[in-house]
Amino acid sequence: MNLSLQVFCDASKSSHARRDFRLPIVLPFNHPIVKALIIYKHGQLGHAGVKMLMYTLRESYRILKGRKTINPLTGYLPPEKLFRKRLTLILRFP
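Position one of the sequence shown corresponds to residue 68 (the working numbering), numbered consecutively onward.
Derived by calculation from the structure, the hints in this document are not laboratory data. Among the hints, erroneous ones may be present.
[Unchecked claim] List of simulated lysine-lysine pairs, DSS-like, C-alpha gap at most 27 Å:
| id | residue 1 | residue 2 |
| --- | --- | --- |
| 1 | Lys108 | Lys148 |
| 2 | Lys135 | Lys118 |
| 3 | Lys118 | Lys132 |
| 4 | Lys102 | Lys132 |
[Unchecked claim] Pairwise CB distance ranges (calculated):
| id | residue 1 | residue 2 | range |
| --- | --- | --- | --- |
| 5 | Gly110 | Leu131 | 21 to 27 Å |
| 6 | Glu147 | Ile100 | 28 to 34 Å |
| 7 | Pro95 | Glu147 | 27 to 33 Å |
| 8 | Gly113 | Pro145 | 20 to 26 Å |
| 9 | Leu90 | Glu147 | 35 to 41 Å |
| 10 | Gln111 | Arg134 | 15 to 21 Å |
No experiment lies behind these values; they were computed from the predicted model shown. Positions of the beta carbon are idealized from the N, C-alpha and C atoms, including for glycine.
Based on the sequences and whatever the hints tell you, model everything.
Pasting the structure below:
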């Protein structure tokens with residue numbers, strides 16, 4: 068079984084979108100440069116949320132496992148973990 072990645076570019080479609088938007092760069096999720104890019108964009112966007120950061124990065128890049136990579140780097144906590152963290156703080160300090 069030969070598994071190889073081949074690039075396909077459909078030049079017949081006429082689109083006025085930017086080239087990097089039509090043909091984004093696929094990046095691995097575990098590379099240090101990808102993590103640095105996410106942190107840089109997060110600061111550049113004024114510490115925007117996960118959805119806004121993913122939307123902006125997807126204009127030029129496709130990060131594999133994007134949300135799972137972005138969440139820990141931006142300090143995002145799901146609501147149930149955030150509530151649990153607040154509740155332990157309240158119970159500790161009456």
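Going through the hints against the structure:
1. Lys108 - Lys148: Holds - the C-alpha atoms of Lys148 and Lys108 are around 25 Å apart, at most 27 Å.
2. Lys135 - Lys118: holds (12 Å)
3. Lys118 - Lys132: holds (14 Å)
4. Lys102 - Lys132: With a Cα-Cα distance of about 12 Å, the restraint between Lys102 and Lys132 holds, given a limit of 27 Å.
5. Gly110 - Leu131: 21 to 27 Å: holds (23 Å)
6. Glu147 - Ile100: 28 to 34 Å: Since the Cβ atoms of Glu147 and Ile100 sit about 32 Å apart, the hinted range of 28 to 34 Å holds.
7. Pro95 - Glu147: 27 to 33 Å: Between Pro95 and Glu147, where Cβ atoms are some 29 Å apart, the hint holds.
8. Gly113 - Pro145: 20 to 26 Å: Because 22 Å falls inside the window, the suggested range holds.
9. Leu90 - Glu147: 35 to 41 Å: holds (39 Å)
10. Gln111 - Arg134: 15 to 21 Å: For Arg134 against Gln111, whose Cβ atoms are near 19 Å apart, the range 15 to 21 Å holds.
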